[in-house]
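J.: Heads up: the sequence lines are chains B and U, in that order.
The first sequence lines up with residues 1 to 297 when you count with this note's numbering.
The second sequence lines up with residues 1 to 530 when you count with this note's numbering.
Errors might be hidden in some of the hints.
[Unchecked claim] In silico DSSO-like pairs for lysine-lysine, Cα to Cα no more than 27 Å straight-line:
#, chain 1, residue 1, chain 2, residue 2
1, B, K144, U, K464
2, B, K203, U, K181
3, U, K464, B, K181
4, B, K149, U, K444
5, B, K203, B, K267
6, B, K62, B, K284
7, U, K464, B, K203
8, U, K181, B, K103
9, U, K274, B, K181
10, B, K167, U, K181
11, B, K154, B, K62
Source of the hints: derived by calculation from the structure; they are not laboratory data.
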Amino acid sequence: MDRRDFIRNLFLAGLTAKIAPQLFSQVSSTGWPELAVVQGDSPAAITKEALAALGGMKRFVKRGDKVLIKPNIGWDRTPEMAACTNPEVVKALVELALDAGAKEVIVIDHTINQPKRCYVRSGIQEAASQAGAKVLFAEDQRLKNVALKGEWLKEWEVYQDFMEVDKLINVPIAKVHSLSKVTLGMKNWLGAVGGSRNQLHQKIDQAMVDLAAFFRPALTVLDGYRILFRNGPQGGLISDTKLMKTVVAGIDPVAVDAYGATFFDYKPQDLLFLRLAQERGLGKNQLEKVKIEKRKI
Amino acid sequence: MKREKSKKYFWLQHLRIFSQLVFFSLFFILFLKTHYAGEDYLKTTVERYFHFDPLLALTTFIGSRLIFAALLYSGITLLLTLLFGRFVCGWVCPLGALHQFFSFIFKKTRWLRPKRDDQMSLAPKYFILIIILVASILSVNLAGYLDPLSFLYRSFSVYISPVLNQILLQSGNLAYALGLKTLGQNIGQAMGNLALNGVFQNAFLIGLIFLIALALNAWKERFWCRYLCPAGALLGLFSRFNLFKLKIDPDKCIDCHLCSIQCETNAQPYPADKWRSSECIYCDTCAAICPTGAISFPLRWQAEKIKGVDLSRRKVLLSSLTALLIAPIFKITWHRQRSYPALIRPPGALPEEEFLTKCVRCGECLKACPTNGLQPALTEAGPEGIWTPVLVPKIGYCEYYCSLCTQVCPTGAIRELTIEEKTKVKIGTAWVDRSRCLPYALGKSCIVCEEHCPVSPKAIQLIKVETLTPEGKVVSNLAPFVNVETCVGCGICENKCVVVNEPAIRVTSIGEQRSEKNRLILEISGENQP
């Protein structure tokens, strides 16, 4: 799908949303869509709408669940730089998870710059704690060697926080990357591990798939509100970013990333990690086989 | 005659202890506050203590021939000393408080009790002062090594901070090991917020010197204050009026000598006319301890001849000459002709010559640095630059949106910068070592330095390189290429390089903006872009 198609689809989706709401009840009667793609001006509203389209947070979070939300808080950058997940998106998810009855919601990431700086400048610490989440710094004491049983990564150090919760929600931001071409949901798991993770770049696509196969999130919500299309993965100028005002949510982590790849005009099958991920059976990278619901608000 | 200790001075003595406690705590709180706590600009002037230090004001003024406005606060200290004597040493100085505390502890023990003989001359600190002052005329700044505030802050930054960090780390580990998850987590999160730096090169040396300074209190009470402190000596020279003058009531005095024996600084309160007012720090020990309450410090306006330490003209001249001999040693080094590659100064640092005359080695910047990258130099800056700050990218890099070190420098050796200004300051240049870099040398893929480069567009660009393997295969990979014009020298590339022991991309000081000598490309313009 090229960009024109995409925009047309968005337009059509918006149109359908306006004139034929009964169409959606039809969709839901035959089961929930696999991907929800929502466009709109408010990051929080499109996030909530995407979850509504998927059937509500209650589908993913049960009463009393301990939930961990993993945004990308890797860099000491403000939201306008699109290097970290939009704080409003994270906040909306925290609220939804707590509304769905979660006992506790943890927000955590292994940052690259000084943790405190990343947490503050990204706006995520403030937004998530306002919504009632426990925002934690990743502590080295909590690292433990874990058998990942991947094709390449047999074992690696993982923060125990990720292992001690009932549900994982992955909230990456869409950015370009010079090695894996794009960094979306699967690459976001590099923030859940410790060790010398820079060595993972020697076979980055394989590492991403191994990690994604290990951390199976209940839900992936890709923040495409403002994407970074140049100078990735940390940008630095507003002109490196582009407003897409879109959120993509789904259970299938491969499908979410495949959709995210189209933001950058990549064909999902052209990306090695998406091919590897499908081969591994983590999900579908052919978007034409994915049931997508698009909305515009 | 009724024997009774003075109640008034008992309370004054305790008030003094309270005052020491307050000033020491304040010093420590400001120390802990010197880090990123969520605000780009520190709201508190955490380096304020230093501004009241006349020794630092004087030496940096003499050395650089410039007055740093904030140091004018030290005039207040001088004025008060002029009127009231060295009460600052006894009531305010945090290092003095620490020494007194340890003297107190040692006095309570059997084996470490300080000796009481008063034969030792109190003059050394004056000679140290003279050497420091004469050296500063020759633009060699030696004040920081023995200035009490610099000494204490540096010891805290380089030694106490890692110790605290270790204590927190180990107690966190212990808590987790015992299954106390909440406690462990609280400790771990507190560590993230406190951001105590945990690693320092030559921390061993600085820590050892600090411990020795404390241990010397077992030899003589307040050893540092009596014999070494150049700031105390300066205040001693400035104590002229001592409006509160020692008085011993001859009717009450029983000539027991207890006051002189217990005097913390050996100011010899007994007999009163031998009292060395310039050594008295108004700790009120003598007045409080006097068994008959004979000692008091009434307000007397008339000036008196100051009885200080005997500094013969010959000795003053001799120590000045010594300084003239010593000071140049610090300068005899090739560091002045040619910049040392590892001498990466913090952003905002003045040109080297000026920087060295102003830096007082206090370690404020070392404490403020969020990545632990700023380290006390040992050899990087030559002998005169020992313990001045230097960025060691292998330990920590210069955080792009941080200007904390420029905000906390008490003497202006590092010029204060806004974040915006700071991101444009070039402190060095990164160089790719193609014989170690994975894509170049091994034909393996790696773009770690490129993805970490914080400037936009990136100063590390990627080029396609082909590597011939022993099997005769040609492997093609993206490899780093540094744009020397846009590289700011922050060192994150070196810090994150996977070739950890000797990174394949290293920053050296060449091209640093503050130096004309250390220039790389003659004309910085778009045309020269590779």
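J.: Determine for every hint whether it applies to the structure shown.
T.: Do the hints match the structure? See the list:
Taken as a hint, the K144/B and K464/U pair is broken in the structure, with Cα atoms around 37 Å apart against an allowance of 27 Å. The hinted pair formed by K203/B and K181/U fails the criterion: a straight-line CA distance of about 35 Å is larger than 27 Å. A C-alpha spacing of about 15 Å is found between K464/U and K181/B, which places the hinted pair at or below 27 Å, so the restraint holds. At most 27 Å may separate the alpha-carbon atoms for a hinted pair to count; K149/B and K444/U meet this at roughly 23 Å.
A hinted pair counts as satisfied when its Cα atoms are at most 27 Å apart, and K203/B with K267/B qualifies at roughly 21 Å. Proposed proximity of K62/B and K284/B is supported: the alpha carbons are some 26 Å apart, at most 27 Å. Annotation: proposed proximity of K464/U to K203/B holds, straight-line Cα distance about 17 Å (limit 27 Å). As the CA atoms of K181/U and K103/B are separated by approximately 17 Å, the hinted pair is consistent with the 27 Å bound.
The suggested pairing of K274/U with K181/B is violated, with an alpha-carbon distance near 83 Å, which exceeds 27 Å. For a cut-off of 27 Å, the pair hint linking K167/B to K181/U stands: about 20 Å separates their Cα positions. Restraint check for K154/B and K62/B: not satisfied, since their Cα atoms lie roughly 32 Å apart, outside the 27 Å limit.
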